[in-house]
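There are 2 protein chains.
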Amino acid sequence: MSRSEQFINYFLSHREVLNELIEKIEHEHYTYKPTPTSMEAQKLVNHILESMYMFANIANKQQPGKLYEEEDSTPLPERAKNYTDKTVELIHALSDEDMEEIVDVKKMLGRDIPAGSLLHLGLDHEIHHKGQLFVYVREMGHTELPFYIRNE
Amino acid sequence: MSRSEQFINYFLSHREVLNELIEKIEHEHYTYKPTPTSMEAQKLVNHILESMYMFANIANKQQPGKLYEEEDSTPLPERAKNYTDKTVELIHALSDEDMEEIVDVKKMLGRDIPAGSLLHLGLDHEIHHKGQLFVYVREMGHTELPFYIRNE
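For the protein sequence lines, the chains are A and B, in the order given. So for the first sequence, this note's numbering puts the first residue at 35; every next one is plus one. So for the second sequence, this note's numbering puts the first residue at 35; every next one is plus one.
Derived from the structure by calculation, the hints contain no laboratory data. Quick caveat: nothing in here was measured; it's all calculated off a predicted structure.
Put simply, identical chains are the same to the list, so a pair is met inside one copy or across any two.
DSS-like cross-link-like pairs, simulated, lysine-lysine; straight-line CA separation at most 27 Å:
(1) 100 with 77
(2) 58 with 77
(3) 141 with 100
(4) 67 with 77
Chain A with its partners taken away, still in its complex shape (with noise of 0.2 Å):
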């Protein structure tokens, strides 16, 4: 199995489980935040859903862009849905030598470092994020929540 087929598998790992998560969030709940200075449950989905797509654009040597505008009414597990297509096709085409290759994130980390090492750290910020929206989502009134990875 090529490198990115193995993280690709280890991000749907987490990914089918944060899309889960979203199916469970009625449209009333998108603007829930557990404290005023938190992040409301529909932008914390969005920052997770464009950070990923983000890392994959870079690690392809590609500007980051997002999927929808702002102010775009689409519901959230349809870009979810989307999103996730779009990450998986984007890290499909990085070759084992791609993701050995030096990317330039210093301006964003401090530092330039490969391809694969940035998917990575990308994963580290959606599981942070995933488990804070299962405690949203949990304050919303749904008790019968997943695993937080995918059983194999």
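With chain A fixed as given, assemble chain B onto it according to the hints.
Just chain B, lined up with the frame of chain A:
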């Protein structure tokens, strides 16, 4: 740098942030939980500390154990310091070859995997629960929180 040294750096880049969060939890908030079905703050902290210590023990082919009994009243920051020290010690004892050794975790994970992979899974588990703890600590009234990973 050996694989265990690399892993210790990676582990501490998250554990030090966890320990900063733990320092912020006042004694009266030890039993705080966001919803009736959530885990109490002190139980969540103990679960994080005990899990990584357990994974490091298994990676060393030692019997997993706990440093404190359930009823022990040692303050959380002191527990965190001791668990962190002992966990680092255990990981430090692993040679590069030990990291490749298959360890017996079939009952827990459904398959046996190399010690190094078990440690990585353990850290994902810690990042997930640390993400949850960030929400708890903000709900306790703290608005000045660290970044989710130690800034290099």
